[in-house]
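Enquirer: We have chain A already, so just place chain B on it with the hints.
Protein chains: 2
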Amino acid sequence: MSAEQTQEENVPVIYIGKKPLIRYVMAAMAIILNEAPKKLKISARGRAISRAVDVAEVLRTRYLPGIIDVEDIKIGTDEIRNPQDPNRIDRVSTIEITLIKKRDIVPTEAKSS
Amino acid sequence: MSAEQTQEENVPVIYIGKKPLIRYVMAAMAIILNEAPKKLKISARGRAISRAVDVAEVLRTRYLPGIIDVEDIKIGTDEIRNPQDPNRIDRVSTIEITLIKKRDIVPTEAKSS
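Residue numbers (the numbering used here), protein chains in the order written: chain A, 1 to 113; chain B, 1 to 113.
So that you can see chain A by itself, here it is in the shape it has in the complex:
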């Protein structure tokens, strides 16, 4: 699981596959807390689209409520060559969810005594 940066905007992207939901949520949390990007994209194809929506919703409602919000959602269709039959083109739906940070996460000051 790795996050790539889109060239134009420098927005990290998490690609959703078949791993358990929590793995993607934790990857997103790590990026948000360590790299402190303004935006984060969640990208998926085919059946993983449902999980991409789950990742966005779990982040928005449970882990970072009031901190991140959905800025934009795009859907599309990718055409990919069938691996069994190179003459056949398969179509697969895609989703890209852009999350935006509404405010910064301010760490509470460590108690000094």
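Source of the hints: derived by calculation from the structure; they are not laboratory data.
Please note that the accuracy of each hint is not assured.
Only part of the chain A face toward chain B is listed, based on derived beta-carbon distances under 8 Å [stated by the list, open to error]:
1. I22
2. I31
3. V53
4. N87
5. I89
6. D90
7. S93
8. T98
9. I100
Calculated cross-link-like contacts (lysine-lysine; reagent style DSBU-like; alpha-carbon spacing at most 30 Å) [to be verified]:
10. K74(B) x K19(A)
11. K74(B) x K101(A)
12. K74(A) x K102(B)
13. K74(A) x K39(B)
14. K101(A) x K39(A)
15. K102(B) x K74(B)
16. K74(B) x K74(A)
17. K74(B) x K102(A)
18. K18(A) x K38(B)
19. K101(B) x K39(B)
20. K19(B) x K101(A)
21. K19(B) x K18(A)
22. K19(A) x K18(B)
23. K19(A) x K38(B)
24. K39(A) x K74(B)
25. K38(A) x K102(A)
26. K74(B) x K38(A)
27. K101(B) x K74(A)
28. K18(B) x K101(A)
29. K74(B) x K18(A)
30. K74(A) x K18(A)
31. K18(B) x K74(A)
Idealized CB from N, CA, C, for every residue including glycine.
Expert: Chain B only, in chain A's frame:
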């Protein structure tokens, strides 16, 4: 499979479940051709979210290219009481895709001889 109308806007809604993709595409086509609404919503929960995106994309790219477009996509979370354990609340992600007609479908005139 039935289409309901939302009160405020009078926009027909197709709810996506576990039936084959083509059934929902055909239902959408029937509504678009017969009722000629300006907009049509496609709504789904949980794993059916991927199929909802498929329905929108198949309509947009294959059946009605240049005629319909995606106007808006909303995602959310529904809280539903667990049927086995009424004290437990399950969360399920939702999607609502609003399709808009960019131009009317003009039937070609029947040849008279």
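Enquirer: Holds or violated: are the alpha carbons of K18(A) and K38(B) at most 30 Å from each other?
Expert: violated, 37 Å
Enquirer: Would the hint linking K74(A) and K18(A) be met if the CA-CA limit is 30 Å?
Expert: Given that 30 Å is the threshold and the Cα spacing comes to 21 Å, the pair holds.
Enquirer: Under the criterion that the straight-line Cα-Cα distance not exceed 30 Å, is the pair K74(B), K101(A) satisfied?
Expert: The hint holds at about 18 Å.
Enquirer: Between K74(A) and K39(B), is the straight-line Cα distance small enough, at 30 Å or below?
Expert: Between K74(A) and K39(B) the Cα gap is close to 18 Å, so the pair holds against 30 Å.
Enquirer: Would you mind confirming whether the straight-line C-alpha gap from K101(B) to K39(B) stays at or under 30 Å?
Expert: It holds: about 6 Å lies between the C-alpha atoms, which stays within 30 Å.
Enquirer: Going straight from one Cα to the other, do K19(A) and K18(B) come out at no more than 30 Å?
Expert: With a Cα-Cα distance of about 23 Å, the restraint between K19(A) and K18(B) holds, given a limit of 30 Å.
Enquirer: Please verify whether K39(A) and K74(B) have alpha carbons no more than 30 Å apart.
Expert: Status holds; Cα separation ~18 Å.
Enquirer: For the pair we were handed, K74(B) and K18(A), check the Cα-Cα distance against 30 Å.
Expert: With Cα atoms ~23 Å apart, K74(B) and K18(A) stay inside 30 Å; holds.
Enquirer: Can the hint on I31(A) be confirmed by a CB-to-CB distance to chain B that is less than 8 Å?
Expert: violated, 20 Å
Enquirer: Tell me if N87(A) is really an interface residue toward chain B, meaning its C-beta lies closer than 8 Å to one of theirs.
Expert: This hint is violated: N87(A) lies away from chain B, its Cβ roughly 19 Å from the closest one there, beyond 8 Å.
Enquirer: Does the nearest C-beta of chain B fall within a distance shorter than 8 Å of the C-beta of D90(A)?
Expert: The hint is violated - D90(A) has no Cβ within 8 Å of chain B, the shortest such distance being about 12 Å.
Enquirer: For a C-alpha distance cap of 30 Å, please report whether K38(A) and K102(A) respect it.
Expert: holds, 8 Å
Violated hints for the displayed structure, listed by number in ascending order: 1, 2, 4, 5, 6, 8, 9, 18, 20, 23, 28.
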